[in-house]
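Starting from the given sequences, assemble the full structure and let the hints guide the process.
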Amino acid sequence: MHTEAEITAWLEPLFAAAESTDIDLWAIVEQATLSVDEGSALRCSEAKTEHGSDVKARMGDWPDLPDAEVRLVVDWVRFGQILCHELGWDDSYPRHPAVALDQLRRNRELIGRQIRERFGDSH
-17 MHTEAEITAW LEPLFAAAES TDIDLWAIVE QATLSVDEGS ALRCSEAKTE HGSDVKARMG
43 DWPDLPDAEV RLVVDWVRFG QILCHELGWD DSYPRHPAVA LDQLRRNREL IGRQIRERFG
103 DSH
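The working numbering puts the first residue of the sequence shown at -17, with every later residue one more than the last.
Hints were generated in silico from the structure; no laboratory data involved. Even glycine gets a Cβ: it sits at the ideal position worked out from N, Cα and C. Be aware that one or more of the hints could be misleading.
What the hints assert, rightly or not - Pair by pair, the computed Cβ-Cβ distance ranges are:
no., residue 1, residue 2, range
1, R98, L54, 47 to 57 Å
2, V81, T3, 15 to 25 Å
3, R77, E12, 13 to 23 Å
4, G94, Q13, 33 to 43 Å
5, D4, R90, 33 to 43 Å
6, A(-13), E12, 18 to 28 Å
7, G70, R100, 32 to 42 Å
8, A(-13), L92, 21 to 31 Å
9, E91, V11, 34 to 44 Å
10, F101, L7, 36 to 46 Å
In structure tokens form, the structure reads like this:
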């Protein structure tokens, strides 16, 4: 799972690029929207694969909602992936915040090495 700040940082360039297009962002929001039940199942499966634990086993089943009550959640990572595709950035932009964070970490390490090589370890 990623923090809101990490996902927002990943989405910002996509939103900025979309401003100068006629891409229907609300249509993408609709495509990336899940019901609470779908979102719950998604979070449980992600938690199991990423953290090695089964959230459902620890917390129990998600409560039943009255038929008249509908709850929705936007999967912002899915939203970003759809927007990335609409912008034509499939091959040029990280497909997931984790990929973007890994690239940022590697770039920082590379810059740090270059600074140490050029100026010594005192910088």
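Do the hints match the structure? See the list:
Distance hint for R98 and L54: a CB-CB separation of about 50 Å, consistent with the stated range 47 to 57 Å. Between V81 and T3 the beta carbons are some 23 Å apart, a value that agrees with the proposed interval 15 to 25 Å. Taking the beta carbon of each, R77 and E12 are about 21 Å apart, inside 13 to 23 Å as hinted. For G94 and Q13, the Cβ-Cβ distance of about 40 Å falls inside the hinted range of 33 to 43 Å, so the restraint holds.
D4 and R90 have their C-beta atoms about 36 Å apart, which keeps the hinted 33 to 43 Å range intact. Our hint of 18 to 28 Å for A(-13) and E12 holds, since their Cβ atoms are close to 25 Å apart. The hinted range of 32 to 42 Å is satisfied by G70 and R100, whose Cβ atoms lie roughly 37 Å apart. Take A(-13) and L92: their Cβ atoms lie about 23 Å apart, and the range 21 to 31 Å holds.
About 36 Å separates the C-beta atoms of E91 and V11, a value consistent with the hinted range of 34 to 44 Å. The hinted window of 36 to 46 Å between F101 and L7 holds, with their beta carbons roughly 45 Å apart.
No hint from the list above goes unmet by this structure.
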